[in-house]
Each structure stands twice: as structure tokens, then as C-alpha cells.
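From first to last, the protein sequence lines stand for chains D and H. Just so it is clear: in the first sequence, position 339 is 339 by this note's numbering, and no numbers are missing. Just so it is clear: in the second sequence, position 55 is 1055 by this note's numbering, and no numbers are missing.
Derived from the structure by calculation, the hints contain no laboratory data. Among the hints, erroneous ones may be present.
[Unchecked claim] 25 Å max Cα-Cα, derived DSS-like pairs, lysine-lysine:
1) Lys1055/H - Lys1092/H
2) Lys190/D - Lys90/D
3) Lys342/D - Lys3/D
4) Lys1076/H - Lys1005/H
5) Lys1093/H - Lys1011/H
6) Lys342/D - Lys1076/H
7) Lys190/D - Lys132/D
8) Lys1061/H - Lys342/D
9) Lys1023/H - Lys83/D
10) Lys1092/H - Lys1061/H
11) Lys108/D - Lys1095/H
12) Lys1095/H - Lys83/D
13) Lys1076/H - Lys1095/H
14) Lys1093/H - Lys1045/H
15) Lys91/D - Lys132/D
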Amino acid sequence: MSKPLEGVRVVEVAAWTFVPVAGGMMADMGAEVIKVEPPTGDPQRGLENMQHYHIKGPKPFIQIPNRGKRSITIDLRIDSGRKVLYHLVKKADVFLTSYLPPLRERLKIDVQHIRAINPNIIYTKGSGWGPKGPKANTGGYDSAAGWASSGIADLFSNYCDEGAPPMPSAFFDLQGGNTIAGAISTALFKRERTGEASVVDVSLLNVGMWALAPAIVSAPFRDPDTPLPSRKQAGNPITNYYRTRDNRWIFLVALQSDRFWAEVCQLLESAELADDPRYQTAALRSENREACIELLDGIFRTRTLAEWIDVFSAFSGVWAPAQSFAEIHHNAQIRANGYLQKVTSNEGLDFDLVSAAMHFDGDATAPQGPAPEVGQDTEALLMESGMEWEEIERHREAGAFG
Amino acid sequence: MSTFKPGQRLKSCICATEVMIIKYVGAAEISCGGVLMANANEAVKQGKAESGFMKGTQMGKRYINDDGSIELLCIKAGAGSLAVDGVALAVKKAKPLPSSD
Chain D
1 MSKPLEGVRV
11 VEVAAWTFVP
21 VAGGMMADMG
31 AEVIKVEPPT
41 GDPQRGLENM
51 QHYHIKGPKP
61 FIQIPNRGKR
71 SITIDLRIDS
81 GRKVLYHLVK
91 KADVFLTSYL
101 PPLRERLKID
111 VQHIRAINPN
121 IIYTKGSGWG
131 PKGPKANTGG
141 YDSAAGWASS
151 GIADLFSNYC
161 DEGAPPMPSA
171 FFDLQGGNTI
181 AGAISTALFK
191 RERTGEASVV
201 DVSLLNVGMW
211 ALAPAIVSAP
221 FRDPDTPLPS
231 RKQAGNPITN
241 YYRTRDNRWI
251 FLVALQSDRF
261 WAEVCQLLES
271 AELADDPRYQ
281 TAALRSENRE
291 ACIELLDGIF
301 RTRTLAEWID
311 VFSAFSGVWA
321 PAQSFAEIHH
331 NAQIRANGYL
341 QKVTSNEGLD
351 FDLVSAAMHF
361 DGDATAPQGP
371 APEVGQDTEA
381 LLMESGMEWE
391 EIERHREAGA
401 FG
Chain H
1001 MSTFKPGQRL
1011 KSCICATEVM
1021 IIKYVGAAEI
1031 SCGGVLMANA
1041 NEAVKQGKAE
1051 SGFMKGTQMG
1061 KRYINDDGSI
1071 ELLCIKAGAG
1081 SLAVDGVALA
1091 VKKAKPLPSS
1101 D
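For reference, chain D alone in the conformation it holds in the complex (with noise of 0.2 Å):
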């Protein structure tokens, strides 16, 4: 079977993590996306190690967002460099851009420059903030305008001695380009049924706030004196979180804990819990949660994380143990669904990708290929859209490349 996006060419004017993923997964299902990059390249090339992995590894921030893309650099503040980008424009469906709006006007590369091009593009503008309101020309990343926004920062910070953890890298902008991705699908979809082109617009300030729904939607209506959640307070004791001897970490999710009161004591070897009058039903062990969740963690504690895996595979509800980073690598069930995808980079670096979270027809979705060199299609590109060679040089000596 074909690819969901194959035959789409997406033009990508973005910078940095968020706005581009979405042009990565495009280019996972199948869509033609070329990058544009300034001469000195995207500035998140300029971005450290901030893994700290071996220096042997890819580099994630490159790779993540830009696998399987093609890359033209182009000077957008000369004339010569705009005419390359609108011939590049003419033949594409989407236009994709992180830029804010007084650069876009500046570059002459916002909707109305765009679609007088191209009338038919879908035009889709990634913000950190959102298009209207006192900060439409502010920038933002997503620690900023997801992390800090959302109310989740705040949460944690109740929760640690020095403010929240560390937000885990790029985790809104993850969300945030997989919204666009499916935003501009959608809008693609429109186009083809009613023939309009549509502007689409994607904020880390809504993402964020889309993460947090629950908590934001119930916020006005919660007493300020509600005591924080807290596991030695989890309300459904088998649906909480335990120590294990080894200083890991079990979830339990058995929601109807009726259901699996009896199973989990069985598992657990503990005639204590199965015969405490306190602990028979979902409501008694709601009443007397501390000391149930005080037993539990008693019991817990005397096994290893790797032990309990064992005692817990024979378990009919539903559990996982809290995997770490690299342990994730060695996970037959993503091994089996193909969510950890091989790529070889430039350098002949073989390493995995995380794949796109949607997969058709039977088929994991898998990366195209790695992150392009910077401007390694120029030439290329260009040739194959019938511009002559003479031309590229008419632009190259114009200075349009950088």
C-alpha cells in the first residue's frame, strides 16, 4: 500500500524543534518535505549535547525533527532568494513556518506573499504563544509556553524541594508537531473535498494546556484547601505507585479494584491483606487507604523491580513497571509494533528512532532516512524543477544560497 501523504510537498520555513517534528512525520508518511534553512543552517544545529549521551551517539535534536527531509539553503532577506522559494512554492501543498509575524513580513514570506504565489497552499504557522493577543509577536519555546503554562510546572513544584523536575527535552514540541502534522492533514483533507485552502494555526501554549485538560477544566471549581494528590493518599490503593527494593518504581492501574482485590493479594502472598476486614471492598479500602497503602508499601519493598515483573506477568489487570530510557530499547511489545524504527545517519551511524505514534495498514511508519546534511538537495531540488543549471548559478552568484 501506498503512504498516507505520498505526492505531498510540503515547503518548510522552521527553526528549532516544534514546528519542524511536523514536517519530520510528513516525511515518515510518505510526504515530500524540503527544508529551508538559512545559509548558517537551522540554529538548532548550533545546540550542544544536551543528552549527555557518548559522543559516539546521533544527535537527537537534529534527528528527531528532520529525518528523511531534504535541505535548501536559501537567503530569505534577498530578492534572489525569495524568487527561489516561491518557485519552490508554486508546485507545493503546504507551507509550513515557526517565523513570527514581523519577520514573516520582513522575509515576504507571510500568507499573502505566500498564497499570491500560491492560492491553493494550506499555510500553517507553528507559535509559541498563538497568533492574536498582546504576545502574537513574542517568541516561545516549549519550556516557556508549555511546561511553565500549563499549570504543570506549577503542580510539581509542590512536589520537590527545588521547583519542578527538569521538563524532559523538547516534551511539549513533541506533542505540539504531531498536532500539526495532524492539523495540516486535516486541512489537506478539506482542500480536497471543498477546494479550500485553509490557515492553520498550532500554539505550545494550547498543546500544553491540552496536556493539563483535566486539571485546568476542574481548576475553578476546586477548593484551594484540596490537599495535593499524593500516592500514600491514592484513593484506590491498587491503583498507586510502589517502592521496590531496588528503588524502582510499580504501577498498578486496577480500576473496579473489586475486581482485583483478591488477584493482587494472591500475587503479593499476603493472607494479611486478603483477610483484613478493613481492606474487603473499594469503599473500605478508600476509608482506611493510609494504613492499606502503608502495608503495600511494607510488601513491595522486600522485592526487586525485576522480581515483581515475574510475580506480576500473571497478573490479569492492567500494570507496568516504571521502564527506564534504555531499558525501553530491550522491550519485546515496541520491538514486536515497530515503535523503535533503525536509521543510519550520514556518518554511517546506526541507531533507533522513535516512530511517528499512528501506523496504517499493518505497517509500523518508519523514518524515510536520517536528517539531511544543511543544503545538501540545493542543486538537486532545483534541477528537478526543471530550473536550469544556468539559472542556479544566475541565483548561487546572486547570493541566494548564502
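On the provided structure of chain D, position chain H as indicated by the hints.
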């Protein structure tokens, strides 16, 4: 004798390397692994690689001579390395990025 011109694609006779000529002047000979490169659509006569020119080429990198008058873009990586009139080419340095964290 091959004639070289910009826009032309060349392939190595001793490895998988393929390049596109981006800039070219004069009549210099372009080699990979010490062996003259062939037109991409020519039948390749397997040559014998010279050990001094087996440093490898990398997809997407641009290789230039001293004065930048000759530039080759690697469009397929290989084991050999590029030279012009027997002098090894250097990787074209990307413009300096603003330093970032």
C-alpha cells in the same frame, strides 16, 4: 578523456561515491580513491584504489580545493576520498553558527 562541467554527476571507479560538480574551472582531473572519476551514466571500469585517498566521503558534504574554485557535492557516500589533480579536497566549512547551548 572526461570533460567536467558544473551540474554534471560523476561516480567513483573504486567505491560507491557519487558527486555532483557544483563549481569547476580549468581542466583539472577529478579523482576518487586516486582514480579518475567517470560520468554517472558511463559504464564504470573498475580501477585500483590508492591507499592515500581512502578517507571516505560523506553524503551531503561539499568538498573544495584551496581557492574554492572547484566544489563537489557528495550525493552518495563511499570509501574513497576526493582529489583534484592529485591534491586532496577539504570539506567545505559551513558558515559559522551563532553559538548556542
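Going down the list of hints, with the structure as the test:
Distance check on the hinted pair: Lys1055/H and Lys1092/H sit about 16 Å apart at the alpha-carbon level, within 25 Å; holds. For the hint pairing Lys190/D with Lys90/D, the CA-to-CA distance comes to about 20 Å; that is within 25 Å, so the pair holds. Between Lys342/D and Lys3/D, the direct Cα distance comes to roughly 18 Å. Compliance with the 25 Å bound is thereby established for this hinted pair. Pair hint Lys1076/H plus Lys1005/H holds up; C-alpha atoms about 19 Å apart against a cutoff of 25 Å.
Of the supplied pair hints, the one linking Lys1093/H and Lys1011/H holds, its CA atoms being roughly 23 Å apart against a limit of 25 Å. The suggested pairing of Lys342/D with Lys1076/H holds, with an alpha-carbon distance near 19 Å, which does not exceed 25 Å. Using a Cα cut-off of 25 Å, the hinted pair Lys190/D and Lys132/D holds, with the two alpha carbons roughly 24 Å apart. For the hint pairing Lys1061/H with Lys342/D, the CA-to-CA distance comes to about 22 Å; that is within 25 Å, so the pair holds.
Between Lys1023/H and Lys83/D the CA atoms are separated by roughly 22 Å; this keeps the pair inside 25 Å, and the hint holds. Under the criterion of a C-alpha separation no larger than 25 Å, the hint pairing Lys1092/H with Lys1061/H is consistent with the structure, at around 7 Å. Distance check on the hinted pair: Lys108/D and Lys1095/H sit about 24 Å apart at the alpha-carbon level, within 25 Å; holds. Distance check on the hinted pair: Lys1095/H and Lys83/D sit about 22 Å apart at the alpha-carbon level, within 25 Å; holds.
At most 25 Å may separate the alpha-carbon atoms for a hinted pair to count; Lys1076/H and Lys1095/H meet this at roughly 23 Å. Our distance criterion of 25 Å between C-alpha atoms is broken by Lys1093/H and Lys1045/H, whose separation comes to about 33 Å. About 30 Å separates the Cα atoms of Lys91/D and Lys132/D, which puts this hinted pair outside 25 Å; it is violated.
In this structure, the earlier hints numbered 14 and 15 are contradicted, and the remaining ones agree with it.
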